[in-house]
Amino acid sequence: MLMVSRSMALAARVGLVGLACTAHALLVPCTSSAQDSVDIPSQAAVIKQVDRFGEGNVEASRAVRALSNVPASRLPEVLTAMNGASPLSANWFRAAVEAIADRDPQAVPVPELLGFLRDRSNGPYARGLAFDLVVDREPDSREALIETFLDDPCLELRYMAIEQGMNRVRELASNEENEAATAGYTALLEAARNPDQITSIAAELEKLGSPVDLTEHFGFVTAWHLIGPFDNRDKIGFEAVYAPEDTIDLAGVYAGKEGELKWSQHRTEEANGVVNLNVAVGKHMGAVGYAFTTIVVPDDIVAEVRLGSPNGNQVWINGELVISNHVYHAGNSIDQYAGRVTLLKGENHILVKVCQNEQTDSWAQDWQFQLRLCDASGKKIEWQEK
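The sequence shown stops at residue 412 when you use my numbering, and every number in between is there.
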């Protein structure tokens, strides 16, 4: 459900032909005493050391083989040891867990796995595996279980609950039970965190006569001071430290790529808070633009700043660099990049640097960004413009 579902697919995902052989060997039985003596936390720690460059793969293969031979009664221990796993190492754990469950399906301890799944302090990947193990053996429990995930901190589980809820509300709408459908979609909108789901729900509410301000809902910043272009010919601008990075003086005059530059105020009216620098600053290639704003929060808060941009980008919060990506036209989406920050009660300053290269392709002309502030789940935090 949450990860690659079978060990051969796992081998393809991590690019390790040898892992397929390891997965095939997982079903080789050990003696009962050997099964019970496996030090699960120690083997799990080895698996967690793997990285995307292949470091630790040999050791992890041995650890997966060891874990795969523990009795099914110890599956909750394996899942507990999996807490804190990265997406990559979680796939290695899946190979072991599936081998354990496939070797003795009748011994899988469903009640204990249900308890593990319901404990929201456990990690998302481990809980996802627990869910799969439970519903594989008790498929009739799937719908009722998913219904409990509507406010789950594991966003993959929450996603399933939102999808299930949307299907139910669509039936209400198709039967012209518009009041009930509107209430249902409104509740789902509050619970949803996935941007695509949020956009879909908003579209359905629009059809029902209840439009949603998505810019407000997501928490996008729309009011900025802008300045540019500075020089980014031959991509020199990303590393260059131009005046706005040293001191913010909104009344200042600076030497730019094509003459003197001054800050200008801008409020975007584009969907999802997109600031189109080709319009707001002017069409330039090989250029750097800066955007600055100040927000006010009522209390100290740990938050995430999330940025979408097809251009090279950097973001500073109160002078601290929290996002930096020297990438051009490799994608553009809501929440494309994220940085964890601590916002202080009162004023907080945000500076965004957006670098456009010199590509002539029609698909490489966008020079823009969108930025929002939210909690770790993606729900907007409360803040005000200064």
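Calculated from the structure, these hints are not laboratory results. It is possible that some hints are incorrect.
What the hints assert, rightly or not - Derived DSS-like pairs (lysine-lysine); straight-line CA-CA distance at most 27 angstroms:
| hint | residue 1 | residue 2 |
| --- | --- | --- |
| 1 | 309 | 283 |
| 2 | 233 | 288 |
| 3 | 283 | 233 |
| 4 | 233 | 406 |
| 5 | 288 | 405 |
| 6 | 371 | 309 |
| 7 | 412 | 233 |
| 8 | 283 | 261 |
| 9 | 288 | 309 |
| 10 | 233 | 261 |
| 11 | 406 | 371 |
Said to hold, decoys possible - Between beta-carbon pairs, the in silico distance windows are:
| hint | residue 1 | residue 2 | range |
| --- | --- | --- | --- |
| 12 | 65 | 165 | 53 to 59 angstroms |
| 13 | 325 | 391 | 49 to 55 angstroms |
| 14 | 391 | 202 | 23 to 29 angstroms |
| 15 | 290 | 357 | 25 to 31 angstroms |
| 16 | 257 | 71 | 48 to 54 angstroms |
| 17 | 97 | 237 | 54 to 60 angstroms |
| 18 | 138 | 206 | 35 to 41 angstroms |
| 19 | 197 | 259 | 56 to 62 angstroms |
| 20 | 149 | 278 | 32 to 38 angstroms |
| 21 | 234 | 110 | 40 to 46 angstroms |
| 22 | 290 | 384 | 22 to 28 angstroms |
| 23 | 206 | 328 | 24 to 30 angstroms |
| 24 | 296 | 350 | 45 to 51 angstroms |
In this text, a Cβ means the ideal position worked out from N, Cα and C, and glycines have one as well.
Structure-based check of each hint:
{"no.": "1", "hint": "309 - 283", "result": "holds (13 angstroms)"}
{"no.": "2", "hint": "233 - 288", "result": "violated (44 angstroms)"}
{"no.": "3", "hint": "283 - 233", "result": "violated (47 angstroms)"}
{"no.": "4", "hint": "233 - 406", "result": "holds (24 angstroms)"}
{"no.": "5", "hint": "288 - 405", "result": "violated (35 angstroms)"}
{"no.": "6", "hint": "371 - 309", "result": "violated (38 angstroms)"}
{"no.": "7", "hint": "412 - 233", "result": "violated (35 angstroms)"}
{"no.": "8", "hint": "283 - 261", "result": "holds (13 angstroms)"}
{"no.": "9", "hint": "288 - 309", "result": "holds (17 angstroms)"}
{"no.": "10", "hint": "233 - 261", "result": "violated (45 angstroms)"}
{"no.": "11", "hint": "406 - 371", "result": "holds (16 angstroms)"}
{"no.": "12", "hint": "65 - 165: 53 to 59 angstroms", "result": "violated (34 angstroms)"}
{"no.": "13", "hint": "325 - 391: 49 to 55 angstroms", "result": "violated (42 angstroms)"}
{"no.": "14", "hint": "391 - 202: 23 to 29 angstroms", "result": "violated (45 angstroms)"}
{"no.": "15", "hint": "290 - 357: 25 to 31 angstroms", "result": "holds (28 angstroms)"}
{"no.": "16", "hint": "257 - 71: 48 to 54 angstroms", "result": "holds (49 angstroms)"}
{"no.": "17", "hint": "97 - 237: 54 to 60 angstroms", "result": "holds (56 angstroms)"}
{"no.": "18", "hint": "138 - 206: 35 to 41 angstroms", "result": "holds (38 angstroms)"}
{"no.": "19", "hint": "197 - 259: 56 to 62 angstroms", "result": "holds (57 angstroms)"}
{"no.": "20", "hint": "149 - 278: 32 to 38 angstroms", "result": "violated (48 angstroms)"}
{"no.": "21", "hint": "234 - 110: 40 to 46 angstroms", "result": "holds (43 angstroms)"}
{"no.": "22", "hint": "290 - 384: 22 to 28 angstroms", "result": "holds (24 angstroms)"}
{"no.": "23", "hint": "206 - 328: 24 to 30 angstroms", "result": "violated (38 angstroms)"}
{"no.": "24", "hint": "296 - 350: 45 to 51 angstroms", "result": "violated (25 angstroms)"}
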